[in-house]
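A.B. asks: For reference, the chains in residue letters:
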Amino acid sequence: MKPRTLITALVVLVVMIGSRLLFPIKVLPEVSVAAEVLGRPAGFPFTNSILMTIVVDILLMLLVIMATRKMALVPRGAQNLWELAVETFYGLGESVDRRNIRRMFTLTATIFTFVLFANMLALVPGVGSVGMCRAREAALINPPAAQSTNEPPVAALTQDEINHDVGASGGACGTYQTADGRTEVATLVPFFRSPSADLNTTLAIALISFFAIEYFGFKDLGIGYLGKFFNIKEGPYIALVGILELISEFVRIMSFTFRLFGNIFAGEVVLAVMAFLVPWLLPLPFYGLEIFVAFMQAFIFAILTIAFINQATTAHHEADAHGGHVEASPVDAAH
Amino acid sequence: MDKLGINLPLLVAQLVNFGLIAYLLSRFLYRPVLNALSNRTARIQESMENAEQVKQQLARAQQDYEAQLTKARQEAAQIVAQANDRAKAQAEDVLTQARAEAERIQVEGRQQIAQERDQLLRGLQGQLATLVTQTASTVIGQELHGPEHQRLIQQSISSLGRL
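Those sequence lines, one after another, are chains A and B.
One point on numbering: in our numbering, the residue at position 225 of the first sequence is 225, and numbering is uninterrupted.
One rule links them: number in our numbering = place in the second sequence (from 1) + 335.
The reader is advised that the hints may include incorrect statements.
What the hints assert, rightly or not - Which chain B residues stay away from chain A? Per the calculated CB distances, all over 12 Å, these: (1) 342; (2) 384; (3) 396; (4) 414; (5) 457; (6) 470; (7) 489.
Stated by the list, open to error - Covered stretches of chain A, as calculated for chain B (at least 3 residues, CB under 8 Å): (8) 105 to 115; (9) 182 to 194; (10) 203 to 210; (11) 228 to 239; (12) 281 to 292.
Read the hints as simulated data drawn from the structure, not as lab findings.
Just so it is clear, CB atoms sit at the ideal spot from N, CA and C, and this is done for glycine as well.
Starting from the given sequences, assemble the full structure and let the hints guide the process.
C.D. replies: As structure tokens, then:
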């Protein structure tokens, strides 16, 4: 082993052990696939991902409105940046499907922008780690029927109780007494959670994408669109392929949903675990990786939607004639 | 579904949120930006067309200028040639006149010299005849008169004529 490598390994080891001793995080943040409920106004489970969605919406719209409030002929600053983003995305979409980009631009660009902002804001320190202590059941979206109406008074837990109970109970938030005298472990509910790390968000966008694909397919090809899936004229092989195509259409909802969710959720878990193991230095490269993943997932979601719409609006014979690839007709880019 | 946290009200909320954000982005971002880009493209196109027109006008003006310049150069060359010709002719005239004048002056000078010479000779002849007569008289001790006197004078003049 080279001396340089050895020294680097030693430094990393010292930082790992030292930071673990200097900045102890005694309990690994709880990993929950579902978003946690912060409150239930009018029975609506107001989750931390909904709160984050609102934050993303407000921040996004503020940035947009501030940039485009006074459009200048010669763009500067934020306007320039947004123009660059919109133009680049439009050009990219045009390169995939020149024929349809104009009518699906709002949909796909919104997917990209919203998912990108949601993913990026999830990397802000504090998201997923700063929160409040609540009863585990109270944080569930769909709580057990018996406890949903009788929420434990976890808000009364003080900081002293929390620290005192750490280690003894094994929980970050200590314990609390239920109404019937039982001792339960409270759980840390982060205030913010990336919308992309909530299946409700990813499923919602996936459903919108799915219905948009089918809508454009039917709109362009009419009832003939179904011929892609039910085609018995060209033999049993093609008929079978059609059925598989039909199944794959619905599978897309799942692939869209879980691809985005899986990547972002896994990223959050990785960052949390890394911060737990080594609070300093080690999470940094993972942050870089997560920034890349955040961008790529937004990009993939949007571009796949464009590609699937292109595929759906292309007639069967048309695709064959062009070897599966449709040459797009030029469309006036001006709106 | 419970463990995955999928919940219908939340799903509907996210659907509504996406629709809302899509509308707002379309209203405040995509439409204004795409319109601005479109306007800018049109403006650039217009500017380029204008620039092309100006370029063509400039080319035409350049051509006109070149043509006028060529014409002016030709005219100038013609004028210079004419002036040269005229100057040559004038020089020629002046030279001819000068030569003639010189000739005339020369002839007059010669004539004057000849006259003056004749005059001088005539004067000399008179004075010399007197001197010769006086000298001869002194030598021979008598005054010369008559034909002898005339002969001596003629002889002296003849010898003077040979000088």
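A.B. asks: Hint by hint, note whether the structure agrees.
C.D. replies: Hints, one by one, checked against the model:
Not every C-beta of chain A lies more than 12 Å from that of residue 342 of chain B, the closest at about 5 Å, which undercuts listing it as non-interface. The non-interface label for residue 384 of chain B is consistent with chain A: the shortest C-beta to C-beta separation is roughly 17 Å, beyond 12 Å. No beta-carbon of chain A is positioned within 12 Å of the beta-carbon of residue 396 of chain B; the least distance is around 30 Å. Consistency note on residue 414 of chain B: stated as away from chain A, and its beta-carbon is indeed over 12 Å from all of that chain's, at 55 Å minimum.
Consistency note on residue 457 of chain B: stated as away from chain A, and its beta-carbon is indeed over 12 Å from all of that chain's, at 113 Å minimum. No Cβ of chain A comes within 12 Å of the Cβ of residue 470 of chain B; the nearest lies about 127 Å off, and the non-interface call holds. Listed as outside the interface, residue 489 of chain B is consistent with that label: its C-beta sits roughly 126 Å from the nearest C-beta of chain A, beyond the 12 Å cut-off. Residues of the segment 105 to 115 of chain A lying with their CB closer than 8 Å to a CB of chain B number 7, which satisfies the three-residue condition for coverage.
Only when three residues or more bring their CB closer than 8 Å to a CB of chain B does the claim for the segment 182 to 194 of chain A stand; here the count is 0, and the claim is violated. Counting residues of the segment 203 to 210 of chain A whose CB lies closer than 8 Å to any CB of chain B gives 5, so the stated coverage by that chain holds, three being the minimum. With 0 residues having a beta carbon nearer than 8 Å to a beta carbon of chain B, the segment 228 to 239 of chain A misses the requirement of three or more and the stated coverage is violated. Counting residues of the segment 281 to 292 of chain A whose beta carbon lies closer than 8 Å to any beta carbon of chain B gives 0, which falls below the threshold of three, so the coverage claim is violated.
In terms of the numbered hints stated before, the structure departs from hints 1, 9, 11, 12, listed from lowest to highest.
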